[in-house]
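Here the structure of chain A is known, so what remains is to put chain B in place on it, guided by the hints.
Listed in order, the protein sequences are those of chains A and B. Quick note on numbering: the first sequence equals residues 1 to 439 in this note's numbering. Quick note on numbering: the second sequence equals residues 1 to 503 in this note's numbering.
Every clue listed holds true.
Pairs of lysine to aspartate or glutamate residues, derived as EDC-like cross-links and limited to a Cα-Cα distance of at most 20 Å, are as follows:
| no. | chain 1 | residue 1 | chain 2 | residue 2 |
| --- | --- | --- | --- | --- |
| 1 | B | Lys494 | A | Glu84 |
| 2 | B | Lys110 | A | Asp392 |
| 3 | B | Lys152 | B | Asp170 |
| 4 | A | Lys209 | A | Asp91 |
Since the hints were made in silico from the structure, they are not lab data.
If you want the building blocks of each chain, they are given just below.
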Amino acid sequence: MSTTIEQPRQVCTLGGQQSVLAIERAIPIIHAGPGCSGKVFSGMAFYNGFQGSGYAGGNAVVGTNSCEKEIIFGGEQRLREVIEGALQVMDGDLYVVLTGCTADLVGDDTPSVVNEFRERGVPIVHASTGGFKGYNHQGHELVVNAIVDQLLEPATEIIPNLVNVWSVLPYHDTFWAGNLHALRQLLEGIGLRANILFGHDSGGLNAWKQVPAAAFNLVLSPWCGLSIAERLNQRYGTPFLHYPVFPIGGVETSNFLRAVAQYAKLPPEQSEAYIARQEAYFYHYLDRSADFFMEMRWDLPERFITFADSLYALGISRFLVNEIGIQPGVQVITDHPPEAARPALQQQFATLNPKISAEVVFQDDSHDIAQLIASRKYSQPPLILGSSWDRDLARKIGGYHLSIALPITDRLVMDRAYVGYQGGLRLIEDIYAAVLNTY
Amino acid sequence: MVEAAPSAVACKEKQMKLINLANPNLPVREQRLGSIINYNGTASDLAAQSREGRLRDRACSFTQVSSCASSCAVCLLSLIQDAAVVNHGPLGCSGDFSAFNLVHRYGLVKRNQAAANVRMVSSNLGESDAIFGGEAKLEQAIRDAFARFNPKVIFVTASCASAITGEDIDALTSRLEEELGVPIGTVHCEGFRSKVWTTGFDAAYHAILRKVVKPPREKHPDVVNVITFWGQDVFSELFARLGLKANLVVPFASVEQLRRLSESAATVQMCSTLGTYFAAGLEELYGVAEVKAPPPYGLAGTDAWLRALAKVTGKESEVEALIADEHAAIADELAELREKLRGLRGYVAAGSVHGHSLSAVLRELGMEVAGSCFWHHDARFDNNDPSADSLQHLVKSYGDLPVSICNKQAYEMINQLRRVKPDVFVVRHPGMAVWGGKLGIPTFLVEDEHYSLAYKGLVRFGHRIFDAVNNPSFYRNLSRHARLPYTEWWLKQKSNVFLGAEQ
Numbered sequence: 001m002s003t004t005i006e007q008p009r010q011v012c013t014l015g016g017q018q019s020v021l022a023i024e025r026a027i028p029i030i031h032a033g034p035g036c037s038g039k040v041f042s043g044m045a046f047y048n049g050f051q052g053s054g055y056a057g058g059n060a061v062v063g064t065n066s067c068e069k070e071i072i073f074g075g076e077q078r079l080r081e082v083i084e085g086a087l088q089v090m091d092g093d094l095y096v097v098l099t100g101c102t103a104d105l106v107g108d109d110t111p112s113v114v115n116e117f118r119e120r121g122v123p124i125v126h127a128s129t130g131g132f133k134g135y136n137h138q139g140h141e142l143v144v145n146a147i148v149d150q151l152l153e154p155a156t157e158i159i160p161n162l163v164n165v166w167s168v169l170p171y172h173d174t175f176w177a178g179n180l181h182a183l184r185q186l187l188e189g190i191g192l193r194a195n196i197l198f199g200h201d202s203g204g205l206n207a208w209k210q211v212p213a214a215a216f217n218l219v220l221s222p223w224c225g226l227s228i229a230e231r232l233n234q235r236y237g238t239p240f241l242h243y244p245v246f247p248i249g250g251v252e253t254s255n256f257l258r259a260v261a262q263y264a265k266l267p268p269e270q271s272e273a274y275i276a277r278q279e280a281y282f283y284h285y286l287d288r289s290a291d292f293f294m295e296m297r298w299d300l301p302e303r304f305i306t307f308a309d310s311l312y313a314l315g316i317s318r319f320l321v322n323e324i325g326i327q328p329g330v331q332v333i334t335d336h337p338p339e340a341a342r343p344a345l346q347q348q349f350a351t352l353n354p355k356i357s358a359e360v361v362f363q364d365d366s367h368d369i370a371q372l373i374a375s376r377k378y379s380q381p382p383l384i385l386g387s388s389w390d391r392d393l394a395r396k397i398g399g400y401h402l403s404i405a406l407p408i409t410d411r412l413v414m415d416r417a418y419v420g421y422q423g424g425l426r427l428i429e430d431i432y433a434a435v436l437n438t439y
Numbered sequence: 001m002v003e004a005a006p007s008a009v010a011c012k013e014k015q016m017k018l019i020n021l022a023n024p025n026l027p028v029r030e031q032r033l034g035s036i037i038n039y040n041g042t043a044s045d046l047a048a049q050s051r052e053g054r055l056r057d058r059a060c061s062f063t064q065v066s067s068c069a070s071s072c073a074v075c076l077l078s079l080i081q082d083a084a085v086v087n088h089g090p091l092g093c094s095g096d097f098s099a100f101n102l103v104h105r106y107g108l109v110k111r112n113q114a115a116a117n118v119r120m121v122s123s124n125l126g127e128s129d130a131i132f133g134g135e136a137k138l139e140q141a142i143r144d145a146f147a148r149f150n151p152k153v154i155f156v157t158a159s160c161a162s163a164i165t166g167e168d169i170d171a172l173t174s175r176l177e178e179e180l181g182v183p184i185g186t187v188h189c190e191g192f193r194s195k196v197w198t199t200g201f202d203a204a205y206h207a208i209l210r211k212v213v214k215p216p217r218e219k220h221p222d223v224v225n226v227i228t229f230w231g232q233d234v235f236s237e238l239f240a241r242l243g244l245k246a247n248l249v250v251p252f253a254s255v256e257q258l259r260r261l262s263e264s265a266a267t268v269q270m271c272s273t274l275g276t277y278f279a280a281g282l283e284e285l286y287g288v289a290e291v292k293a294p295p296p297y298g299l300a301g302t303d304a305w306l307r308a309l310a311k312v313t314g315k316e317s318e319v320e321a322l323i324a325d326e327h328a329a330i331a332d333e334l335a336e337l338r339e340k341l342r343g344l345r346g347y348v349a350a351g352s353v354h355g356h357s358l359s360a361v362l363r364e365l366g367m368e369v370a371g372s373c374f375w376h377h378d379a380r381f382d383n384n385d386p387s388a389d390s391l392q393h394l395v396k397s398y399g400d401l402p403v404s405i406c407n408k409q410a411y412e413m414i415n416q417l418r419r420v421k422p423d424v425f426v427v428r429h430p431g432m433a434v435w436g437g438k439l440g441i442p443t444f445l446v447e448d449e450h451y452s453l454a455y456k457g458l459v460r461f462g463h464r465i466f467d468a469v470n471n472p473s474f475y476r477n478l479s480r481h482a483r484l485p486y487t488e489w490w491l492k493q494k495s496n497v498f499l500g501a502e503q
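With the rest of the complex left out, here is chain A (with noise of 0.2 Å):
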């Protein structure tokens, strides 16, 4: 883990206010300094594709904004009459308590003033969330984590066929919105009843207290939601089928839903209609384009660099390599994978296809990478898929960018997924949209 950080690429554990604001009528209390939030909120929302407040986010998140009193003699009373006013004044379903660096030094009990108006029936949790703790993926684990531990009730019956997502991180992915919706549009159409949990339309508290009653759990990510998924397995016991590749394109989400029908059993007769269908519809547009792929194909890369979390690079290096068939250059991890996870992240790059292999970096620092990915040669101009950071890199090389991973500011994201089979249309027409827009 690099000490210094230049470009950030994520923000730190408090970050999981974002997960709570991407759950319908859930709003968050935040407990810490007065400028915390609105940084976080910065980070990972409004400069990351102006992603906006929605409902309860931006300046309408309730927190204690503690100073020196709250240092000095503790915070608890503090909270207590925060937390009094957010239920007089927000029109909320849950509300999770997030603490951050100045309630977590100072040895605030948030636990028990939380406990106090969960033992008057009122549906709230606590995150301890202290800046100082990790990052934002930490975060979002904790928050969920939390969900489950401190309201959740093991369920009476299981659903049959329903499936909870744990996949891309709510505004941290600036295309997260739309890749759940996506999401489930692609589980439902094998047979599945899709638990997605965040976004529009999700289903809010009464979502989440369908989690325990969930057939399985599916952990659609290199490693971020594992600890939930065994958490949920420990409690509930409910099986979890962890796939770590983010399907985008034909190939990668016909495998992706090929494995899901397989391990939840459903008749393979739908989910292969299904599969053709889409296929056919992803393959039609490709077809259609081919021309423009041989005929401008002496300009376009041949070379991609990724600088994204472990989530994307591998989705986009797959759908790269195994669809559109360029050339893998260095892939930068930037969201801190476990120790213990980066061994088979490795392996998953070393054996993208039976003969092509991506050198892996995991590094958070911008600095050193950018001048490694500036020292190589590169016989066509290479395309960097990463952040509004790079385009300076991508410009001093003489090549391609396309802003996919946090922060974005050259873009407005709206609900735009990348994920299946319209997401790889998605990612070709914006890919070669960057390399024409050059011209």
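Showing chain B alone in chain A's frame:
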């Protein structure tokens, strides 16, 4: 370390010193300026309480998140062209890097320069640092910033975590400063230190005064420092007509420009909320005359501001000619706009003095200010001069208006907006505009603080207001579908029900 110019020493001996360069820290606004963050009443009452030293803050038992001093410090320091910023905290404290990077990039492009990324790093404090101390990480981050950016000065911004764990940042920066041969300024902008985030401006200016500004080698009687944010340069053209040169600081200035601020004839501000400490400091330390006047918004304010500038630069006749020319140049357009906007009711939300300025602009355009929300209020400024009292100026020039003070409390503002039902919502701060839009109110976010400045700005702003009101389609559609996160109970309350007794 710094020798004040003789004239500065002579003129300041009789007053108590504001600036203590020996101390890396400085008193927060609550102590220095009697600042408050909660109030409900009228402009005239607030101005009177402030003037008479009666103003007391009240606590608010329920709050939404606000902002902290760190972002205010960094918004200035990150835009200095050959400086580097080390944010000493966990990575979330650097959540605003990408925000200032966008400001930096588009600011350069608007100034006809190539876009470039900001020169900032985070020391990335983690769990073991919280236990064992983060000095080693800070040292590494400073060394990295030095090696990577070759900066002429390094600013280290402290965080809540670094302060609570009790690190001695100042000792470390002093040692490295000597070794690396580059000034390193500690910026005490820890979020918990002040309820008033603009304390962060003061902390940044304090570091600049301590580490960058040098005693004058020569004096430039035609150069005027302009303390501002990153809005477009409307000053150079105006000042050129007076035979003066505008020296805009701090954003997009070079370190050399900052070093020589002491050589200018005078300092003006577009907003005392921003520049109070810096302008007073430059006068106290180096005798650079601070122009003490209401801000240059609306005819009355702009006239007064220019006349005060004339007085300290000896440009009385040029300024009178300029005022006459500018009044004449906009007279017809202004009359037409006043006709079009007459009777429209505006609601202003902005940070203290700029809120006073925007209110003056609306009144000058013939509109009513039916409500206002300013993020804090300073009972006085560092110069202690009543001629800079922007609130009193507003009341005297345009009459009284309803005022509330709250630190960006969206729930209070929404409550008021629903009650006041203004025709237009004029707001300065990102994050607050959206709530007006969701209520269906035509909303104009003042991103460029110079947009409505002086005479041409007044009419330019008038046209924008008219456009916003003239086509409210976006806001109407949005309000039909947006859901507010507030209970029916809250929306029926008075906006100040959570205010406690005076402290």
